[in-house]
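Next come the chains, spelled out residue by residue.
2 protein chains.
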Amino acid sequence: MQEFDIIDSFFRTRSHQRRDVEVGIGDDCAVTQVPEGQSLCTTTDTLVEGVHFPKDTPVQAIAEKAMAVNLSDLAAMGAEPAWVSLSLSLPEVDECWLNAFSNGIQQMCEYYGVQLIGGDTVRGPLSITITAQGFVPNEQALTRSHARPGDWLYVTGTLGDAGLALDYLNGKRQLPLNARNEVLTRFQTPTPRVLTGTALRRIASSCIDVSDGLVADLHHILHASGCGASIQLEKLPLSEAMRASVSEEDAFEYALNSGDDYELLFTVSEEQKGNLELALAAACVSATCIGQLNGKTGKVELRHGEQPYSSRGHGYEHFS
Amino acid sequence: MQEFDIIDSFFRTRSHQRRDVEVGIGDDCAVTQVPEGQSLCTTTDTLVEGVHFPKDTPVQAIAEKAMAVNLSDLAAMGAEPAWVSLSLSLPEVDECWLNAFSNGIQQMCEYYGVQLIGGDTVRGPLSITITAQGFVPNEQALTRSHARPGDWLYVTGTLGDAGLALDYLNGKRQLPLNARNEVLTRFQTPTPRVLTGTALRRIASSCIDVSDGLVADLHHILHASGCGASIQLEKLPLSEAMRASVSEEDAFEYALNSGDDYELLFTVSEEQKGNLELALAAACVSATCIGQLNGKTGKVELRHGEQPYSSRGHGYEHFS
Chain D
1 MQEFDIIDSF FRTRSHQRRD VEVGIGDDCA VTQVPEGQSL CTTTDTLVEG VHFPKDTPVQ
61 AIAEKAMAVN LSDLAAMGAE PAWVSLSLSL PEVDECWLNA FSNGIQQMCE YYGVQLIGGD
121 TVRGPLSITI TAQGFVPNEQ ALTRSHARPG DWLYVTGTLG DAGLALDYLN GKRQLPLNAR
181 NEVLTRFQTP TPRVLTGTAL RRIASSCIDV SDGLVADLHH ILHASGCGAS IQLEKLPLSE
241 AMRASVSEED AFEYALNSGD DYELLFTVSE EQKGNLELAL AAACVSATCI GQLNGKTGKV
301 ELRHGEQPYS SRGHGYEHFS
Chain C
1 MQEFDIIDSF FRTRSHQRRD VEVGIGDDCA VTQVPEGQSL CTTTDTLVEG VHFPKDTPVQ
61 AIAEKAMAVN LSDLAAMGAE PAWVSLSLSL PEVDECWLNA FSNGIQQMCE YYGVQLIGGD
121 TVRGPLSITI TAQGFVPNEQ ALTRSHARPG DWLYVTGTLG DAGLALDYLN GKRQLPLNAR
181 NEVLTRFQTP TPRVLTGTAL RRIASSCIDV SDGLVADLHH ILHASGCGAS IQLEKLPLSE
241 AMRASVSEED AFEYALNSGD DYELLFTVSE EQKGNLELAL AAACVSATCI GQLNGKTGKV
301 ELRHGEQPYS SRGHGYEHFS
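For the protein sequence lines, the chains are D and C, in the order given. The first sequence lines up with residues 1 to 320 when you count with the UniProt record's numbering. The second sequence lines up with residues 1 to 320 when you count with the UniProt record's numbering.
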């Protein structure tokens, strides 16, 4: 089977269609229209087998995760997803595999109203690169660089579950059955916080998605904004599965330093706290205040009650 | 060295800057502005070591080729390049390698007025995925689907040189020194025909870039437009290096069936031939008429003078 046959058979005809796509899969480029008054947001993420997902990950979960990590970046800018391009490196043509993979991509496209507009298929070790594009109204993109001392620090959902799942998969930890299913879902098919991201426009002073770990990703905001932060550990949102499976200290470590949760970490000024509550309620999403920013540039202070706390870990480092 | 250090050190600070980029490297997404009245063109291409370039290819040439193949897709739509995103899969952090690679990317960005707006760095087998974005005035994109019987078939530059270079690199063919240098340059650092692409707006009825081979890529136009075509072999544009190195028959085979030339193949109606000549002269580029389209859907007839000609090859197939 040739490259164009693969794209035609497995991706082109099944794709969710949008009216702002003039030319989709099957030409040299996709041709699309960005609405007036909107900025274009673009992000690219690659998942490599054995690095970003274990070798025995279900195929559809690989596809869903590849989509989710990119949509999560759009969410972190407050953008509405629109189009994705897919570059797929495959060791061989396995129609059963391609069918399941395409299903995963298409289901995510349908759910988030996104169209697959193009891509490339090459022979090589299994890896998936997706480029996602979306819109945000002009001047409303949520960057990392506008947090200010005094702003409150929030995070969506719960933290550390994906890291716990990875330790389970690597045989480093046993888990009770119901906890196992819960955290494996978090790891294999994370939920990009798209609705929350758009709800935070004009409200959050900065935003990032938690991919490398809470502390590591917080450092990106602090670095870009020239601030420091303190985190109250007892406020860290932990899942039932996490609480049931590990000690409090271990739970803190997962929540602080394990990656792949794809929750949104954002800051809100004192004046915007009321608007935040209204916006989250209107979008039917929730977030937890876990700390506050200060002027101690680049420093993250961890506190448990009134006591300083020292963490063991440093987040996920790609080449460490 | 961590992912963000790599991006910061080797790509962010050196990047060519454009005024339509509001947020570049260093946030969750790039944020950019598409000009009013313009459509957005997007393309993605991946190069894998050992598949798309030999293991001992100079690093800067790898970077330049990865850029060129994407800019070539924009050229084939008549688009003006604007931004690129880079996903780099690396087996290890080699600062010398990264430095040379970054130089190659940045030189191409400078030359074509393109800004590197983001990317991802992952640990894995060496491969490079670039997503390129550009603009074309609304309704002026050069697709594959509007060729008509009677249209004339043109190609830019010369054909087959990259294929000849690949056979030399693989030890299948000896080449005289001056021919060798000429065709190796064509293979390692192909020139995307960006100026020609924009000059063809409103003139060409269809356009594609020759990446898989003349006949294979012509079939994409014929398939999309519901036409057939005849090619006059004696009109195929051949380089001095090609003529000096191989028999006429072998030269025809390279020109018809070898890939990686990244010339533009396009069709022009009889009425637009005069405008084509004016536009090519104004842009200081040239193209050769090599045949004509007809109504025999999907068929490519090869002729040498008045005689039918039978070719041995079938172009580059990614999974054959």
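No lab work stands behind these hints: they were computed from the structure. Virtual Cβ for every residue (Gly too), placed ideally from N, Cα, C. Among the hints, a few may not be true.
Said to hold, decoys possible - So the derived label-pair ranges between C-beta atoms look like this:
| # | chain 1 | residue 1 | chain 2 | residue 2 | range |
| --- | --- | --- | --- | --- | --- |
| 1 | C | 299 | D | 54 | 44 to 50 Å |
| 2 | C | 35 | D | 146 | 44 to 50 Å |
| 3 | C | 284 | D | 170 | 41 to 47 Å |
| 4 | D | 223 | C | 273 | 39 to 45 Å |
| 5 | D | 33 | C | 19 | 17 to 23 Å |
| 6 | D | 17 | C | 277 | 22 to 28 Å |
| 7 | D | 170 | C | 283 | 38 to 44 Å |
| 8 | C | 103 | D | 298 | 28 to 34 Å |
| 9 | D | 17 | C | 240 | 33 to 39 Å |
Checked hints:
1. A beta carbon spacing of about 49 Å between residue 299 of chain C and residue 54 of chain D agrees with the range 44 to 50 Å that was offered as a hint.
2. Distance hint for residue 35 of chain C and residue 146 of chain D: a CB-CB separation of about 26 Å, inconsistent with the stated range 44 to 50 Å.
3. As the Cβ distance of residue 284 of chain C to residue 170 of chain D is approximately 60 Å, the hint placing it in 41 to 47 Å is violated.
4. At about 58 Å, the CB distance of residue 223 of chain D to residue 273 of chain C disagrees with the hint of 39 to 45 Å.
5. Range check, residue 33 of chain D to residue 19 of chain C: about 21 Å between beta-carbon atoms, so the 17 to 23 Å window is met.
6. The supplied range of 22 to 28 Å is broken by residue 17 of chain D and residue 277 of chain C, whose beta-carbon atoms lie about 39 Å from each other.
7. For the pair residue 170 of chain D and residue 283 of chain C, the supplied restraint of 38 to 44 Å is violated, since their beta-carbon distance comes to about 58 Å.
8. Hint check: residue 103 of chain C to residue 298 of chain D, Cβ distance near 30 Å, so the stated range 28 to 34 Å holds.
9. Distance hint check for residue 17 of chain D and residue 240 of chain C: the Cβ-Cβ separation is about 49 Å, which falls outside the suggested range of 33 to 39 Å.
When the structure is compared with the earlier hints, violations turn up for hints 2, 3, 4, 6, 7, 9 and for no others.
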